[in-house]
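K.L.:
Now for the letters of each chain:
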Amino acid sequence: AQTVTQSQPEMSVQEAETVTLSCTYDTSESDYYLFWYKQPPSRQMILVIRQEAYKQQNATENRFSVNFQKAAKSFSLKISDSQLGDAAMYFCAYRSQNTGTASKLTFGTGTRLQVTL
Amino acid sequence: DTEVTQTPKHLVMGMTNKKSLKCEQHMGHRAMYWYKQKAKKPPELMFVYSYEKLSINESVPSRFSPECPNSSLLNLHLHALQPEDSALYLCASSQRDEENEKLFFGSGTQLSVL
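Order-wise, the sequence lines are chains W and D. Under the numbering used here, think of the first position of the first sequence as 1, with each following residue one higher. Under the numbering used here, think of the first position of the second sequence as 1, with each following residue one higher.
Do not rely on the hints blindly, as some may be mistaken.
[Claimed, not checked] Quick partial rundown of chain D residues pointing at chain W, CB under 8 angstroms, derived from the structure:
| hint | residue |
| --- | --- |
| 1 | Pro42 |
| 2 | Pro43 |
| 3 | Met46 |
| 4 | Ser86 |
Since the hints were derived computationally from the structure, they do not count as laboratory data. Note that CB positions come from ideal geometry on N, CA and C, so glycine has one too.
Given these sequences and hints, build the entire structure.
P.N.:
Structure below.
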């Protein structure tokens, strides 16, 4: 079974600064997808960024980018120019390649990000 | 319309009650999911429906009964729940149940069992 570990329960960043959230995972599979989801106080989970394991190029979405190290099984999220609206719980998630049966999304335990003025 | 709508937002029920949670999407998605999230924990998958058929049941107790009456609706029927079932119940949908698909989540139903 796959596991996802987020070793930082809480992080804090000043507005306009950059912060990196860590995520490691354990798998024996070679093809899979990795995600970062954000859960603000509204409770709705929102997809921030997605990475295909077969792609070497790191995914980017505006101020959000990842550092994907497949050999090290590491998938960190970098938030640049942090904004107050970035304050939320961030979950790293793994999903294995669909092999004909439905596959599930496995979440890490989350990192609560606080953004200060 | 890129929303997943869940009702009610909050629910308090006794252990002998029967209640239902409702989830609706009009994005044409053919996969729908129920997740359970305890406080300060990540969401845990309960059920997956793919093309209105139950494809995953993560060994959920029978007091939780899912139903997918059509491609836009997903219900979770609750009966004889226990206090430890108190949690946030999240519904999600995706185009298909594929590994690369983006999941769209609702804002959840906060359930308290007394």
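K.L.:
If a hint holds in the structure, say so; if it doesn't, say that too.
P.N.:
Quick rundown of the hints versus the structure:
no., hint, in the structure
1, Pro42, "holds, 4 angstroms"
2, Pro43, "holds, 6 angstroms"
3, Met46, "violated, 10 angstroms"
4, Ser86, "violated, 15 angstroms"
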